[in-house]
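Trainee: Protein sequence lines, in the order shown, are assigned to chains A and B.
Here the first sequence is numbered in the numbering used here, starting from 1 and rising by one per residue.
Here the second sequence is numbered in the numbering used here, starting from 1 and rising by one per residue.
I should point out that these hints are in silico values taken from the structure, not numbers from a laboratory.
Using N, Cα and C, we set each Cβ at its ideal position, and we do this for glycine too.
Be careful, since some hints might not be right.
As the list claims (entries may be wrong) - No more than 35 Å apart at the CA atoms, straight line, and that leaves these computed lysine-lysine pairs for DSBU-like: (1) Lys17/A x Lys48/A; (2) Lys156/A x Lys38/B; (3) Lys57/A x Lys10/B; (4) Lys47/B x Lys57/A; (5) Lys53/A x Lys68/B; (6) Lys17/A x Lys43/B; (7) Lys38/B x Lys123/A; (8) Lys49/A x Lys17/A; (9) Lys10/B x Lys162/A; (10) Lys203/A x Lys43/B; (11) Lys57/A x Lys43/B.
As the list claims (entries may be wrong) - If we take Cβ atoms under 10 Å as the criterion, some of the chain A residues that face chain B in the derived model are: (12) Ile47; (13) Leu117; (14) Lys123; (15) Ser195; (16) Asp198; (17) His200.
As a plain string of letters, each chain reads:
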Amino acid sequence: MVFIETDGKTVEKAIEKACQEFNLPEERLNIEIISSGISGLFGLVGIKKARIKASLKKVECKDKLENAKKTLEDILARLKVDANVNAEDLGDKILLNINGDGSGLLIGRRGQTLDALQYIVDKIVNRSSGDRKWIIIDTEGYRERRTESLKNLALKLGEKVKRLGKPVYITPLNAHDRRVIHMALQGDAKLITKSKGDGHLRKVVISTKKGL
Amino acid sequence: MRDLIEYIAKSLVDSPDEVVVTEVHGERTSVIELKVAKEDLGKVIGKQGRTARAMRTILSAASTKIRKRSVLEIIE
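Next up, chain A with everything else stripped away, as it sits in the complex (with noise of 0.2 Å):
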């Protein structure tokens, strides 16, 4: 957290000169008193000054999701990709939609490229302190046909263990993609699926439940 220590005559003075480092008005800033001040007698004897902290007030939400949209169409902008993006607000998610060329390339193998953009998106807009937002980039509805995809070769292994009755491992894949495999076989009596490995390698295992 940012803050700045300013001292005045007043209260009202040190806020003044708080606003004017920050370069913003009053209501942007949370301010705490340290000291009221003492006038002293006659303005001269005892005289101390009035002392105050200020810090940035929480980035509001909508300065999220507009700091959000900005962000990611500065990155398109740099990346030669001549697109706009749609922001929506979701509660607690801000959904960011690219309607660009549909070529893919900002898809990228197995959305890798896409899954970069909402990494540093998400990174860049809760840097700022505040309520923490996710970032969700999509383009030419790839999230729901990526989802749909995972849930037929979940179903597809999950058919394929009960067979061989041998544990089967996917490929790793990341915490959101894992989400949509462990969801597909939850409700399959004779299936487990357990998450194993470490970071960015991380993979589900599907097994018979007699198999461990």
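For this one, chain A is given, so just place chain B on it according to the hints.
Mentor: Frame of chain A; chain B shown alone:
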């Protein structure tokens, strides 16, 4: 390319003034060197190098577009 990395790095760190990005052009491959304040090094690398990896992924997508290869080097 240089612009792209400079923008991302400056948005991530605490001292954007100390971000220096240089690009060394090669025939097919360019090397982009990123220098940041010592305290910000962790911010551009990230947990288990996740931020650095994300930057490299975005960079390679941008390079594919112009049919070149780019390498991101973070200088200590």
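Trainee: Confirm or reject each hint.
Mentor: Against the structure, the hints:
The straight-line distance between the Cα atoms of lysine 17/A and lysine 48/A is roughly 17 Å, inside the 35 Å bound, and the hint therefore holds. Pair hint lysine 156/A plus lysine 38/B does not hold up; C-alpha atoms about 49 Å apart against a cutoff of 35 Å. For the hint linking lysine 57/A to lysine 10/B, the alpha-carbon distance of about 22 Å falls within 35 Å, and the restraint holds. Of the pairs offered as hints, the one joining lysine 47/B and lysine 57/A holds, with about 28 Å between alpha carbons and a cut-off of 35 Å not exceeded.
Between lysine 53/A and lysine 68/B the CA atoms are separated by roughly 51 Å; this puts the pair beyond 35 Å, and the hint is violated. A C-alpha spacing of about 32 Å is found between lysine 17/A and lysine 43/B, which places the hinted pair at or below 35 Å, so the restraint holds. For the given pair, lysine 38/B sits about 19 Å from lysine 123/A by alpha-carbon distance, which is consistent with the 35 Å threshold. The straight-line distance between the Cα atoms of lysine 49/A and lysine 17/A is roughly 13 Å, inside the 35 Å bound, and the hint therefore holds.
With a CA separation close to 52 Å, the supplied pair lysine 10/B and lysine 162/A exceeds the 35 Å bound. Taking the CA atoms of lysine 203/A and lysine 43/B, the gap is about 26 Å. The hint holds against a cut of 35 Å. For the given pair, lysine 57/A sits about 23 Å from lysine 43/B by alpha-carbon distance, which is consistent with the 35 Å threshold. Evaluation of the isoleucine 47/A hint against chain B yields a violated restraint, the C-beta minimum of about 37 Å exceeding 10 Å.
The beta carbon of leucine 117/A is positioned within 10 Å of a beta carbon in chain B (closest approach about 6 Å), and the interface hint is therefore held. The beta carbon of lysine 123/A is positioned within 10 Å of a beta carbon in chain B (closest approach about 6 Å), and the interface hint is therefore held. The beta carbon of serine 195/A comes no nearer than 16 Å to any beta carbon in chain B, farther than 10 Å, and the hint placing it at the interface is violated. With 10 Å as the threshold, the beta carbon of aspartate 198/A comes within range of chain B, its nearest partner Cβ sitting at about 8 Å, so the hint holds.
Given hint, histidine 200/A at the interface with chain B, holds; its Cβ is 7 Å from that chain's nearest Cβ, closer than 10 Å.
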